[in-house]
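Trainee: Chains as they are written, first to last, in the working numbering: chain A, 1 to 217; chain B, 218 to 435.
Please keep in mind that the hints were generated in silico from the structure rather than gathered at the bench. Any given hint could be a false lead.
[To be verified] Label pairs and their calculated CB-CB ranges:
# : chain 1 : residue 1 : chain 2 : residue 2 : range
1 : B       : 326       : A       : 83        : 30 to 36 angstroms
2 : A       : 122       : B       : 273       : 33 to 39 angstroms
3 : A       : 113       : B       : 251       : 29 to 35 angstroms
4 : B       : 398       : A       : 171       : 29 to 35 angstroms
Just so we're clear, the structure is a prediction, and the values are computed from it rather than from any experiment. Just so you know, even glycine gets a beta-carbon here, dropped at the ideal spot from N, CA and C.
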Amino acid sequence: MISFFQPYVEYGGEWLPVLLDAMLKTALLSLSAFALALVFGLLLWLFQASNVPALRRFASLYVTVVRGVPLLAVLFLLYFGLPGLGVTFDAFTAAMLGLALCFAAQVAEVFRAGMMAIPKGQSEAALAVGFTPAQCFAFIVLPQVVRVVLSPMIVTFVSLLKDSSLASLITVDELVLTGRAMATEYFLPLQIYIAVGLCYFLIAWPFSLLSRRLAVR
Amino acid sequence: MNSLDPFFLILQGLLQGAGITAVVTLSALALGLALGFALSLVRQFSRSKVLHGLVDVYVEFFRNIPALSHLFILYFGLASLGFRLSSMGAAILGLGLIGAAVTCDIFRSGFKSLSPGQTEAAFAAGFTPMQTIFTILTPQAMRIALPSLGNFAVQLLKDTSVVSAIAAPEIMFYARSMVTSSFQTTLIYATAAGLYLVMSLPLMQAVRMLEIRYGRVK
């Protein structure tokens with residue numbers, strides 16, 4: 001047991017700044033990918049709700065494909081595959097784009113479920129008392145949707161944060177890749193990978209607690 | 218030479234890994250369901266605060282740390298202590314342990330959605346606690362949990378692609394090794410993506426049918 005903790009005492013000072021840097025990178029990647037996923041997801045949801053059949057069909061095809069294809073395949077396609085077709089992204093952009101494309105479907109689903117939780121009668125009543133459709137959406141529907149959607153959105157963010165670890169496999173130097181480099185440097189894979197796991201936990205857990213707190217019952 | 222030839226060669230290569238993908242998915246699914254169900258019973262029906270705490274710690278630990286991180290700990294980390302797991306063993310164990318945390322939550326929400334009146338009625342009718350749990354509550358909780366469990370299975374099938382990182386020879390592993398020996402990167406990864414899609418479509422269809430049958434979608 002002593003020998004297990006020994007390396008943390010000995011190298012902790014060297015590891016901490018490196019891991020903190022990598023945590024920052026992971027957080028940056030996850031946040032930017034999530035912001036993009038919100039935009040894509042909102043678009044997708046608008047497509048699903050539109051009355052143009054072609055848009056609806058596109059949205060449903062998109063959701064099916066994204067639900068059936070692993071993120072890793074998407075990342076490899078974007079980073080290693082697209083240059084063959086003349087499109088080149090740097091690793092960070094490819095990871096951000098891949099995460100956003102995959103999580104857009106989940107975001108759209110959360111929006112859809114959130115909208116369904118608001119009874120139609122509310123919009124009808126608002127329109128009847130003279131709200132314009134835009135006012136009705138902005139003042140009546142949206143504030144309630146945000147409340148309902150917040151908790152599942154945070155859950156989605158935690159999933160995305162965890163999946164951002166796959167970016168290490170397309171050479172983004174986030175937590176896992178940094179951990180791999182450290183593991184080869186120090187020959188202490190167990191201690192280092194546990195430290196890496198804890199770093200994720202430190203970011204993810206507060207969000208998980210928050211999402212449970214905000215869950216609308 | 219037919220222009221489709223390279224595609225079929227690639228598909229043939231990737232299919233070598235499809236069996237392992239299926240084996241890892243099914244084994245991890247079995248482990249995840251069994252352990253997750255046991256954990257949910259402990260969390261839901263035991264009276265021990267300590268056991269509750271342990272299950273909670275387990276679930277939080279596995280749900281807030283990425284699969285890749287767990288796999289590296291199991292595969293590279295434990296080896297440094299002398300516990301050498303095969304890549305397949307680590308893959309199944311890792312995904313199964315994570316899966317148990319997920320299914321524990323799914324089963325629990327199934328149990329929680331049942332009215333407490335059912336337990337009271339069963340006790341009043343002379344059922345023992347064990348009989349109540351297994352013959353009254355579990356079958357109903359299962360029904361409620363089924364669609365979510367189906368979604369979990371779809372997710373698990375896709376997540377097996379991650380175990381290529383610890384060299385388990387599944388689809389993505391073959392894709393990556395084919396890429397190093399040919400220049401058809403785009404075609405190889407697109408075919409791999411298509412193969413996963415083809416494998417998960419029947420599962421997704423089954424989930425839809427479960428959802429319709431058990432009334433989530435009208």
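Trainee: Determine whether the Cβ-Cβ distance between residue 122 of chain A and residue 273 of chain B falls within the hinted range of 33 to 39 angstroms.
Mentor: 38 angstroms, holds
Trainee: Look at the Cβ atoms of residue 113 of chain A and residue 251 of chain B and judge whether their distance stays inside 29 to 35 angstroms.
Mentor: 30 angstroms, holds
Trainee: Just to be sure I understand the hint, the distance between the Cβ atoms of residue 326 of chain B and residue 83 of chain A should be within 30 to 36 angstroms; is that true here?
Mentor: 44 angstroms, violated
Trainee: Taking 29 to 35 angstroms as the stated bounds, is the beta-carbon spacing between residue 398 of chain B and residue 171 of chain A within them?
Mentor: At roughly 20 angstroms between Cβ atoms, residue 171 of chain A and residue 398 of chain B fall outside 29 to 35 angstroms, so the hint is violated.
In terms of the numbered hints stated before, the structure departs from hints 1 and 4, listed from lowest to highest.
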